[in-house]
Amino acid sequence: MELDLIFKIAGVGIIVTVLNLLLKKSDRDEYALMVTIAGLIVVLAMIINEIAELFDTVKSVFGF
Amino acid sequence: MINIVSVAGICIIAAVLCKLFGSVGSEYSLYIKLAAAAALMSALILFISPVAETVRSIYERAGADEEYLTILFKSLGICYITQFACDICRDSGESALASQAELAGKLSLLILALPLFDSLSEIVSGLI
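Line by line, the protein sequences give chains A and B.
Each residue of the first sequence is one higher than the one before, starting from 688 at the first, in the numbering used here.
Each residue of the second sequence is one higher than the one before, starting from 1102 at the first, in the numbering used here.
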């Protein structure tokens, strides 16, 4: 079904976490923060469509 | 038919991935939870349509007012959305936001049901 989205989010999470660790180890804390925020925004943008679709489905099924 | 095996698989995989991000990057576990819940719910809500059709036809056969059934289904939808928001908020540890969502759901249900109170009081006064 919609398993792709979950795996995509997990992949982004793993990549961002590894980058975060690497940047922190090499004393670039500000870049680490930026990478974390960028990852969060990317994932949020991916999810927001799904939530909008959920709300549309509920609206159409229950006749709002 | 709901494919219960794939629903169970998605739930278990999402739970495992949530645990994977448990200590490092805990915000991603919230996102995974949110995505899995939204995807599953929007797939499952579609199965309510045939049920709703059946209930509607039974209701029509009984000769009751169609308007009441619409209110009933609307309130069911509000309940589902409120429950979704509430659970997500509570899972991410924000119980204050969860109770606000609950309050909003209760209030909107009450507002939706107010016309019913009106018609009930009319019926009662008609009986008297």
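For the record, the hints were derived by calculation from the structure and aren't laboratory data.
Heads up, the beta-carbon is just placed ideally off N, CA and C, and yes, glycines get one too.
Don't take every hint at face value.
Said to hold, decoys possible - Under 8 Å between C-beta atoms, here's a sample of chain A residues computed to sit facing chain B: (1) Glu689; (2) Ile702; (3) Leu706; (4) Leu710; (5) Ser713; (6) Ala719; (7) Met721; (8) Ile728; (9) Ile734; (10) Glu737; (11) Phe742; (12) Thr744; (13) Phe749.
Hints versus structure:
With 8 Å as the threshold, the beta carbon of Glu689 (chain A) comes within range of chain B, its nearest partner Cβ sitting at about 4 Å, so the hint holds. About 10 Å separates the beta-carbon of Ile702 (chain A) from the nearest beta-carbon of chain B, more than 8 Å, and the hint is not met. With a cut of 8 Å, the hint placing Leu706 (chain A) at the interface with chain B is violated, because the nearest CB-to-CB distance is about 11 Å. Taken as an interface hint, Leu710 (chain A) does not check out: its beta carbon lies about 14 Å from the nearest beta carbon of chain B, beyond 8 Å.
Evaluation of the Ser713 (chain A) hint against chain B yields a violated restraint, the C-beta minimum of about 18 Å exceeding 8 Å. Against a cut-off of 8 Å between C-beta atoms, the interface hint on Ala719 (chain A) is violated, since the closest Cβ of chain B lies about 12 Å away. Proximity of Met721 (chain A) to chain B is violated relative to the hint, the smallest CB-CB distance being about 15 Å (cut-off 8 Å). With its C-beta approaching chain B no nearer than about 11 Å, Ile728 (chain A) sits outside the 8 Å limit, and its interface hint is violated.
For Ile734 (chain A), the shortest C-beta to C-beta distance to chain B is roughly 5 Å, which falls under 8 Å, so the interface hint holds. This hint holds: Glu737 (chain A) has a C-beta 4 Å from the nearest C-beta of chain B, less than the 8 Å allowed. Here the hint on Phe742 (chain A) is kept, as its CB sits about 7 Å from the closest CB of chain B, short of 8 Å. Annotation: interface hint on Thr744 (chain A) holds; nearest CB of chain B at approximately 5 Å, less than 8 Å.
At a threshold of 8 Å, the smallest CB-CB gap from Phe749 (chain A) to chain B is about 3 Å, leaving the interface hint in force.
Checked against the numbered hints given earlier, this structure breaks hints 2, 3, 4, 5, 6, 7 and 8; the rest are met.
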